[in-house]
Amino acid sequence: NAGVMQNPRHLVRRRGQEARLRCSPMKGHSHVYWYRQLPEEGLKFMVYLQKENIIDESGMPKERFSAEFPKEGPSILRIQQVVRGDSAAYFCASSRRDGDYEQYFGPGTRLTVT
Amino acid sequence: AQTVTQSQPEMSVQEAETVTLSCTYDTSESNYYLFWYKQPPSRQMILVIRQEAYKQQNATENRFSVNFQKAAKSFSLKISDSQLGDTAMYFCAFTFYSGGSNYKLTFGKGTLLTVNP
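So the sequence lines, in the order shown, correspond to chains S and V. Start counting the first sequence at 16; every next residue gets the next number (the numbering used here). Start counting the second sequence at 14; every next residue gets the next number (the numbering used here).
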């Protein structure tokens, strides 16, 4: 039973480019959370999605960041026009169903903006 | 707003000894969940132990146990018989039900634990 998959594991982008981070939840999981970990910091919540719905995006920066979780395929975190401050590790976690508080984390994507 | 505080940025312990990592939290919620996660150099987040606030009994998982003091809002992690593989960043985390099955986690800043041979 495969765990949460994230790709790419490492992503290098120049300032102004777009970054697309993918997350495939565990089989049977329909809830996805995205977290960001800045250097020397703990993880901070960004967005919570269920299939085809954004439930809570209170942690997302207002501009340049967007997320989706389509009916088919992985969840995508998209960062437009990246800046150096976007350099961080981005983690995805999934949970199984309504009322299930336990989250399973993917290995993360480390984004470096040059 | 919920906050989680880890007051020890770094700690070290000798192999086979016992170490305790501290965590305090602030919330007005009565039903919530607390976790300790381990992040080794690989950066993978690994769940070490969980505690439901409505349970009075402290959780244990093999060499890992917690001291949950609900009134004091304290949730410390004790690691017994420390092993070199325990070297990692340890994060305390909190969640509660905020509607719509949303259990977003709030993390502390972490404690870097080094186990010395």
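Honestly, I wouldn't trust all of these hints.
Unchecked claim - BS3-like cross-link-like pairs, simulated, lysine-lysine; straight-line CA separation at most 27 Å:
1) 122(V) - 77(S)
2) 83(V) - 68(V)
3) 59(S) - 83(V)
Said to hold, decoys possible - Label-pair ranges, simulated between beta-carbon atoms:
4) 69(V) - 27(S): 23 to 29 Å
5) 96(S) - 65(V): 23 to 29 Å
6) 42(V) - 27(S): 28 to 34 Å
7) 37(S) - 87(V): 35 to 41 Å
8) 27(S) - 84(V): 46 to 52 Å
Treat the hints as calculated values from the structure; they're not laboratory data. Source: prediction; values computed, not measured. Using N, Cα and C, we set each Cβ at its ideal position, and we do this for glycine too.
Inset, instruction - Please work out if residue 122(V) and residue 77(S) have their alpha carbons no farther apart than 27 Å. - result: Holds. Residue 122(V) to residue 77(S) sits at ~24 Å (cutoff 27 Å).
Legend entry - residue 37(S) versus residue 87(V) beta-carbon gap, inside 35 to 41 Å or not: holds, 39 Å
Inset, instruction - Given the hint of 46 to 52 Å, check if residue 27(S) and residue 84(V) actually sit that far apart at their C-beta atoms. - result: holds, 49 Å
Inset, instruction - With respect to the beta-carbon atoms only, verify the hint that residue 69(V) and residue 27(S) lie 23 to 29 Å apart. - result: Violated: the Cβ-Cβ distance is about 50 Å, outside 23 to 29 Å.
Legend entry - Cβ separation of residue 96(S) and residue 65(V), checked against the hinted range 23 to 29 Å: 43 Å Cβ-Cβ, so the 23 to 29 Å window is violated.
Legend entry - Agreement of residue 83(V) and residue 68(V) with the hint, judged by alpha carbon distance not exceeding 27 Å: The hint holds at about 10 Å.
Legend entry - Straight-line alpha-carbon gap residue 59(S) to residue 83(V), limit 27 Å: holds, 24 Å
Inset, instruction - Check the following: the C-beta atoms of residue 42(V) and residue 27(S) are separated by a distance inside 28 to 34 Å. - result: Distance hint for residue 42(V), residue 27(S) is violated at roughly 41 Å.
The structure fails to meet hints 4, 5, 6 from the earlier list, while all remaining hints are met.
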